[in-house]
Amino acid sequence: MIEVATPGMLTTVQDLGRHGYRSSGVGPGGAVDTLSHRVANLLVGNPADAAALEITLFGPRIGFPTGAWVAMTGATVGAVVVTADGRSTPVPAWHPIWVPDGATLICGPCAPHGCRSSLAVAGGLDVPLLLGGRGTDLRSGFGGYQGRALRAGDQIAVGAALRKPPADRHLAVVDPRTVPPELTPWPNGSPANGAAPPPIRVLRGPEFDAFPTASHEALFNTPFVVTPDSDRSGCRLSGTALAPPTMTLSEVVVAGTIQVPPSGQPIVLAADHPVTGGYPRIAVVATIDLPRIAQAFLGAPLSFIEIGHDEAQRLLREREQSLRIFALGLEYLR
Amino acid sequence: MASSLLTIEPLGDACLVVRFGTGVDAVTSRAVAAATATLTAAALPGVVDIAATFNTVAVVFDLHRADPRALSGAILARLRRLEGTAPAAGATGRIVEIPVAYGGDDGPDLAAVAAHAGLDSEAVVRLHTTTDHVVGMIGFAPGFPYLLGLPAALEVPRRPTPRTSVPAGSVAIAERQTGIYPRTSPGGWHVIGRTPQAMFDPRRDPPALLRAGDLVRFVPVTGPTRDGERSG
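Keeping their order, the protein sequence lines are chains A and B.
If you use my numbering, the first sequence corresponds to residues 671 to 1004, in order.
If you use my numbering, the second sequence corresponds to residues 475 to 706, in order.
In short, the hints are calculated from the structure, not lab data.
Treat the hints loosely; a few may be bogus.
[As the list claims (entries may be wrong)] Using C-beta positions, here's what the derived DEER-type ranges look like:
1) Q825(A) x D579(B): 38 to 44 Å
2) G592(B) x G817(A): 44 to 50 Å
3) R555(B) x G778(A): 24 to 30 Å
4) A551(B) x R987(A): 20 to 26 Å
5) A551(B) x P779(A): 52 to 58 Å
6) A884(A) x R632(B): 25 to 31 Å
7) G817(A) x P634(B): 56 to 62 Å
8) G662(B) x R818(A): 40 to 46 Å
9) P636(B) x R987(A): 40 to 46 Å
10) P717(A) x A626(B): 50 to 56 Å
11) G733(A) x G497(B): 54 to 60 Å
12) R987(A) x R632(B): 40 to 46 Å
[Said to hold, decoys possible] Coverage of chain A stretches by chain B, computed from C-beta distances (three or more under 8 Å per stretch; other residues unrestricted):
13) 680-693
14) 920-927
[As the list claims (entries may be wrong)] Residues of chain A clear of chain B, computed beta-carbon distances all greater than 12 Å:
15) T736
16) F812
17) D901
18) G978
Yeah, the Cβ is synthetic: ideal placement off N, Cα and C, and Gly gets one too.
Next comes chain B alone, as it looks inside the complex (with noise of 0.2 Å):
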């Protein structure tokens, strides 16, 4: 990675921010991934946890226990190391299939996704199952990943107003992102399917089932999808 795209701000007085440039893009999905990893793996004094968006990665830390100058230069000392090393793909070296019902009841949006594209519907699942997709980052709600990499021809932007309830496993689309609705929320992205794969059970470690950085398939499946597969 480029050091001179790397930047450290404070967030309040105790979490430091890390940031990779302004792209949102696999590569620097890869790099924050990889930096993310080096941080955890460091376990630097006073450091209490460690959160990544598309291009940040932010250190929380315990004010009291770590002084931020310190720190701050720990951690560019730490993610200097990694210049130059060129991030595999999925920088976490996984590739996660994940199982989707398309259309009817699962995907009530996949017609209307399918009319915005001019397209019809078997092509949207054919071009949604055939991408590679990175998760960019886990946000919004626990386990809940956005995955980049949805092909141009599917952009669709928002829906004007957002659903109340979406049911847990959704899978939905907006501008050039795929979700995974974790549980069952408010959702203003276009529901295409829906998987019975589990996004997010605290009784796992890690409790996500996709980690930033994994590269995601989506494999689609014909029958209805069961509802006592899910947690949350």
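Only chain A is shown next, with the shape it has when bound in the complex (with noise of 0.2 Å):
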């Protein structure tokens, strides 16, 4: 059992989503960072979908009254395991640490370069299987824990874990295996070494040739800025204006679809997205960069690049293998 001390700005339950039910209006919903949400859980040897937290720009205080294995990934939160001798000890993101008996994890605010982390605790959260999955819808409210975010006092349960508690669990063991940076939604390294992010990929929409060469141009050539009203449900941003032709009916769209409202600043829907939206879809990203867009910062810069089906095909494929081989690396933990 974990239980919650401050629960941060908002911090749900949630896993890899619903799937079966959009013909109920009922998304996927889930992490919306899915593969920090998969590589948290592997490091700790749990399933990639076993039921983790997802951390909102500022993370909670959670005391462990039972030792667990634990792994951050996602943004950095400057994370903290405090011991019951008042020993401090820094969670590094994307390493397994042992968190002892009556220690307390304590996260402050996302790093700049990524606004969602996930907090996998080894047996996974044992929170109520729910249409086929453990995530908190919000706007619904249910799933997850009791059908909304955390607040101090929770009391969460946690599954058994396969991996065994290190020699001496009155310490906090950092695991020293680490994560390539392709399993990461920084494929390229950390941001914060000042490089520019390369352009998100993404795949033509239905409705693309709709819209004006112009759009087409501003849409490809002029950077955008991710805006504050961004949620689980999309990220916003604003730019030079597209000019969206006139939709008559709403039309199913997924994670990642671009939807083009009235106003011309565009919304890329993440995991809480309605099963259909009436907004023209000028382009869709590619999967294998939702994580990027999942981290995307309020006020980061945000620029776009075409690619094919057969290039986002590859690139997927690419990655799956690496997360496949990196899984059976850490199979020790079971």
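Reconstruct the complex from the two isolated chains, following the hints.
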């Protein structure tokens, strides 16, 4: 069991989403950055789809009455483990760490290159399975922990861990094993080193040809920035206004769909998107780059580049192959 | 269904959309419902979900578990087998009756709709309850049905300014459609009544009361609706 001392800005239980209920109007939900979620789980010996915490912008303080292996991935939140004797150990992102009995995990703000952090606990968070998922649907108020974001005092059950505690369970032990950059939302390394992030790769959307050429040029040749009204349902952008054609009917949308409402300012849909949308779909972000959209920080510059379907497939297959090899290398954790 | 009207196009790299022409009508809805049922039953490898709109069926898949070209071929092959089989009225074969308290606090826009139509409120209720409505699609929110078949006499444009909050269970009309709000949410349609029926319950499987292709009949009830019977 883990205990929430302070919840942070928006911390929810998430998994890899609900699938099979779009015909009932239920979208996938789940972790926005599925890559970081999967890797965090693998690092503690969990199945990749186990329920974990998704931390947004400012992290929680969490008590561990019983010790557990945890891993934090995604954005860095400057976390430390404070043990019962008052000793403090930094928690490096993308490494497993043993949190001893009675210790508290204290998180701070997300570092400026990302906005979401995944916190996996060995054994997985044990919340009820609802419609095939354990994630929190904030808008409809079901799933996860009591259908809502975490609050101080919440106690969340943890399943049986496969990985054994370290020899000395009173010490916060960091596992030296780490994760290759291509299995993170920052495949070219951390943007903290000043390198401009490469453009987000997109495929043409169904209404692409209905937009004027000037909108195509604006999408691919001018920068956009992420605005503060972005949330789990979408990343809202500000930049050169695009000129959307009129659409009369709602159409299916998926995560990564770039919709253009009448304001001309695009919205990139994320995990909590509705199953249908009524705005023209100028482009769709390639699956490989969805984790980068998930981590796009408020004010961060984004640019787009078109790729083809074969390249999108090749890129994703390569990453999945790397992830499989990485997961095999962690089999000893089980 | 006529295969000449059937096209398939990608939506990003992990979704294929089958389009059944451009019409919005009960016949197209039945074809879409039949295709949805066929593709769901087929459980093609790598497919994770199937969504439907008025005239499309979208197949969402795992790009690393399915090849889009092979999947596209498999989808078309399954759907061609449906050719010539006329889907029965209400492809799901279900007729769902939904009790509605019309007017008053439950339907604050009934009088305005009647005035717009040049009818009295009773005539609006009679028209709405003696028509068969077909579920064209579920969307907007979990369990929200878009119902086709609103009589032309009741056609009304959306409200110029949407309400910030429409109560759960509200039955509302706009253009040639009826919708039912599963949960309290903003809304721009004209609210003519309210049902105590839960349109969405995550503890039920399927969680939505209605499915695309269902026939819906509204049954007028009198007296206040009870909040305790609602979820969401």
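- What are the numbers of the hints that this structure violates, sorted from low to high? 3, 7, 8, 16, 18
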